[in-house]
Amino acid sequence: MQPAIQAHNVEMVYPNGVSPVHALKGVSLEISDGEILLMMGPSGSGKTTLLFVLGGILSPTGGRVVVRDVEITNLDRREKAQFRLKHLSFIFQGFNLFKALTARENVELALHARGVRGRSARERTQQLLERLGLSRQLDRLPRDLSGGEKQRVAIARALVAEPDVVMADEPTSALDAENGLAVTGLLRELARERGTTVLIASHDMRIAPFANRVVQLNDGRL
Amino acid sequence: MLTLVSCAMLTPAVERPSGHERPAQRMVVLARKNLFADLPRFIVALCAVVFAVTLLTVQTGIYNGFIWSTSLMIEESKADIWLAAKQILYLEITLPLTYGQLAKVRALPGVARAEPIIMRTALWRSPRDTLNATRVVGFEPNGTLFTPGNLAADDLEKLHQPFTFFADASQLEALDLRGVGERGTVGGLRAQLIQLTHGTQPIVSPTFLYTSLETANAYAPSALSFLTPSSDTRPAPLSDSDSITFILVGAKDRNDVPRLQHALQRAVPGTQALTRRQMLDLTRGYWVRRTSIGFALTLTALLGLIVGAVVVGQILYVSVSEHLKEYGTLRAIGAADRFLYGVIIRQAVYMAVLGYVPSLILSILIASIASHRGVPIQITPLTALIVFFLTLAMCVIAAVFAMQRVVRVDPAVAFRA
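Protein sequences, first through last, are from chains A and B. What the first sequence shows, in my numbering, is residues 271 to 492, in sequence order. What the second sequence shows, in my numbering, is residues 2 to 418, in sequence order.
Calculated directly from the structure, the hints in this document are not laboratory data. You may find that some hints are simply not true.
Unchecked claim - Below, a list of computed lysine-lysine pairs in the DSBU-like style, where the Cα atoms sit at most 35 Å apart: (1) B:LYS253 to B:LYS34; (2) A:LYS295 to B:LYS79; (3) B:LYS105 to B:LYS79; (4) A:LYS369 to A:LYS356; (5) B:LYS159 to B:LYS105; (6) A:LYS369 to B:LYS159; (7) A:LYS295 to A:LYS356; (8) A:LYS356 to B:LYS326; (9) B:LYS34 to A:LYS369; (10) B:LYS105 to B:LYS253; (11) B:LYS253 to B:LYS79; (12) B:LYS326 to B:LYS253; (13) B:LYS79 to A:LYS356; (14) B:LYS326 to B:LYS87; (15) B:LYS159 to B:LYS87.
For clarity, every value in this text was computed on a predicted model and none was experimentally measured.
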């Protein structure tokens with residue numbers, strides 16, 4: 271398999287007055303195209319920081335990150351944003367749905383941000399939400415959705431633009447066990463269908479069976 | 002329990018966004034819904050816009066009305082040329098001409114009509130002994146070049162009765178009169194109000210009393226005449242030596258006006274022949290310089306705009322601050338700055354448009370009430386259009402801080418629980 275993501279000796283130090291925090295200590299990692307990788311570790315181990323660095327949200331203080339053959343550590347803020355828009359999608363711990371928008375509009379927004387026109391966006395959104403079993407919830411606001419439904423909308427938003435890589439940060443932390451497993455299974459199913467690379471940062475051991483590979487992060491080291 | 006849907010139901014692969022699509026046009030729903038999500042706050046912002054826009058519209062209307070009002074007589078005239086003493090400062094300050102010069106003007110080739118106008122300051126004394134400064138405006142009731150208030154010929158005929166006058170309805174209180182038919186005195190001579198006009202009183206001038214030429218000529222300017230009231234029963238016709246203020250000229254051919262101006266000045270030495278436009282500019286220019294009204298009204302309108310911009314800006318900024326995680330999510334997705342700007346600008350435009358419409362209605366209402374009090378507030382389509390663009394500019398400029406806030410949102414904020 272062709273590597274989708276490569277991290278070489280990544281360092282991340284947060285300046286914190288006289289005692290800077292060394293969040294990542296020489297992390298090297300290779301994730302193949304279409305692979306589902308679970309990064310596990312306790313709180314403060316550096317999982318989210320590594321996700322930020324691999325996703326181009328944060329610039330590491332040392333090392334290199336290459337995603338889809340592009341060294342994103344060399345990109346400026348605007349170029350990183352363009353790169354994320356084109357190749358990456360995120361699933362957030364708290365769903366991060368727009369409160370004022372319906373399920374359909376939340377998903378469409380991800381297409382709008384990528385410049386997809388109205389009718390095309392509407393059709394793609396509807397098909398995917400129906401595919402995720404949300405055909406009756408299309409026009410509901412997030413406050414009228416259950417936790418599992420919200421996370422499915424969030425998954426739809428992450429996948430609707432067919433990104434190369436999906437990065438999920440604690441995707442099950444706001445869900446009960448049953449819903450957590452269900453949405454993780456759904457994410458794996460859709461990712462496999464589309465050949466999407468999935469990177470999950472979580473400390474939820476129950477997700478492990480859904481991943482192709484599990485890596486453990488402790489105190490900033492793999 | 003969630004239901005996993007079979008892979009067999011997977012929809013066909015969808016195409017990637019194409020290069021010709023327009024990202025900036027796709028944020029309408031987010032802009033609108035985020036703005037309307039907190040209705041009370043939106044209404045506060047709208048009130049600020051309504052306040053600012055109404056102030057701006059009314060101030061502009063007052064300025065327009067003031068300028069229009071100062072040159073009302075000129076606006077109402079159909080003359081192509083106003084012949085005045087060459088020292089003329091503006092409509093109401095000039096040196097006199099003589100009635101005898103009218104004949105010279107009428108004799109000039111290219112002159113279709115020439116009519117004299119007398120403007121004279123006089124003291125009014127009401128039947129209840131109230132004094133008031135007035136300006137007697139004498140004109141030919143049968144003339145065609147000047148008619149106050151576009152009155153009908155039958156009404157104008159009434160002015161042939163000696164010592165009668167028309168006045169604007171808004172001036173009844175100033176003249177201490179209760180209605181048509183009441184009498185007072187002007188310069189010691191009787192004066193009877195026989196007709197009310199509408200929209201004929203400049204707001205900056207003493208009360209205009211419209212009379213026939215003969216009556217205007219008879220009303221002496223001296224206040225001393227009050228002590229020796231005249232017993233005249235009929236004003237005398239004008240003689241060549243009597244002073245008049247202007248000669249209004251109608252040209253046979255409007256294309257001939259520039260030549261006619263020169264001919265008039267040569268034929269009547271010591272005069273200045275001004276086109277209607279030149280006369281308007283002279284008078285309006287005088288009042289704008291003399292009163293600095295443009296500056297004063299602009300200053301007030303500017304204050305209104307600043308207040309409006311501050312409130313709109315603050316509301317948009319708070320709205321952005323309250324939706325930081327949402328904007329952070331967009332930033333994490335990689336939404337372009339212009340997409341985020343677009344959301345805020347769209348919200349600003351919503352505020353501008355939704356604030357502008359009630360403001361315009363309110364301003365027209367205020368103008369209508371003011372006109373009944375004799376204060377002209379002119380809201381023209383051009384004024385409305387200019388105010389609309391100023392409103393848009395105010396709201397968009399107000400959105401700048403909110404836009405700055407949005408583009409500075411750290412995408413990492415989206416990952417915080």
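Structure-based check of each hint:
| no. | hint | result |
| --- | --- | --- |
| 1 | B:LYS253 to B:LYS34 | 65 Å, violated |
| 2 | A:LYS295 to B:LYS79 | 90 Å, violated |
| 3 | B:LYS105 to B:LYS79 | 20 Å, holds |
| 4 | A:LYS369 to A:LYS356 | 25 Å, holds |
| 5 | B:LYS159 to B:LYS105 | 29 Å, holds |
| 6 | A:LYS369 to B:LYS159 | 74 Å, violated |
| 7 | A:LYS295 to A:LYS356 | 29 Å, holds |
| 8 | A:LYS356 to B:LYS326 | 21 Å, holds |
| 9 | B:LYS34 to A:LYS369 | 9 Å, holds |
| 10 | B:LYS105 to B:LYS253 | 16 Å, holds |
| 11 | B:LYS253 to B:LYS79 | 13 Å, holds |
| 12 | B:LYS326 to B:LYS253 | 76 Å, violated |
| 13 | B:LYS79 to A:LYS356 | 70 Å, violated |
| 14 | B:LYS326 to B:LYS87 | 73 Å, violated |
| 15 | B:LYS159 to B:LYS87 | 34 Å, holds |
In summary, the numbered hints that this structure violates are 1, 2, 6, 12, 13, 14.
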